[in-house]
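Working from the sequences, and respecting the hints, build out all of it.
Counted from 1, the sequence shown has number 170 at position 21 by my numbering; the numbering is strictly sequential.
Hints were generated in silico from the structure; no laboratory data involved. Bear in mind the structure is a predicted one, so any value in this text is a computation, not a measurement. The C-beta atom is built at its ideal place from N, Cα and C for all residues, glycine as well. Among the hints, a few may not be true.
[As the list claims (entries may be wrong)] Derived Cβ-Cβ restraints for the label pairs, each shown as a range:
1) 156 with 247: 23 to 29 Å
2) 229 with 297: 22 to 28 Å
3) 194 with 232: 50 to 56 Å
4) 232 with 202: 36 to 42 Å
5) 301 with 271: 37 to 43 Å
6) 198 with 266: 34 to 40 Å
7) 270 with 239: 39 to 45 Å
8) 276 with 302: 34 to 40 Å
[Claimed, not checked] Lysine-lysine pairs mimicking BS3-like chemistry, simulated, CA-CA at most 27 Å apart:
9) 301 with 228
10) 228 with 302
11) 238 with 152
12) 239 with 228
13) 239 with 152
14) 238 with 228
15) 239 with 302
16) 239 with 301
17) 301 with 233
18) 302 with 236
19) 301 with 159
20) 152 with 301
21) 159 with 238
22) 159 with 228
23) 302 with 238
24) 238 with 301
25) 302 with 159
26) 159 with 233
27) 302 with 152
28) 228 with 152
29) 233 with 302
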Amino acid sequence: MEKAYQLLNKIIENLLVVIFGLLVIDVVWQVVSRYVVGQSSSFTEEFARFSLIWLTVLGAAYINGQREGHLSMDFLLSKLTEEKRNKRKKIIQILMAVFAFIIMIVGGGNLVYTTLTLGQVSSALQVPLGIVYAIVPISGMMILFFSIYNIKKLNF
Numbered sequence: 150m151e152k153a154y155q156l157l158n159k160i161i162e163n164l165l166v167v168i169f170g171l172l173v174i175d176v177v178w179q180v181v182s183r184y185v186v187g188q189s190s191s192f193t194e195e196f197a198r199f200s201l202i203w204l205t206v207l208g209a210a211y212i213n214g215q216r217e218g219h220l221s222m223d224f225l226l227s228k229l230t231e232e233k234r235n236k237r238k239k240i241i242q243i244l245m246a247v248f249a250f251i252i253m254i255v256g257g258g259n260l261v262y263t264t265l266t267l268g269q270v271s272s273a274l275q276v277p278l279g280i281v282y283a284i285v286p287i288s289g290m291m292i293l294f295f296s297i298y299n300i301k302k303l304n305f
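Here's what the structure looks like:
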């Protein structure tokens, strides 16, 4: 499970870097085309919006995988004994796993299915919106995996 954890983290890191790089290029092109060329591109705003969606939701999954790397208010946890602290962390991870499963995987999966079934496409890029929304259940699966991994780590 440790190898899968490391591999998944590396894949997400690289994907986040690529998405952020594309977002920077997109925004720079938008500024150049608007002020230098005098005519803004039709796709840049929509691409930036979709990139931010992917960056945010995938970033949330990545941060969940970084057990101690994210912002948290741990002053209450630090006052607990080690045993109670680990119990509280397990409860938090279980709640995150339940949220990821019910809301992100099941609900996000339904959203993807519905938008693909209805054939909804974006106006400028003509991309099926189900593909754009697919990051929600994908990230939910990652959060679920990371939560299970973190729970197992707390047991040792």
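Among all the numbered hints in the text so far, which are the ones the structure does not match? 6, 22, 26 and 28
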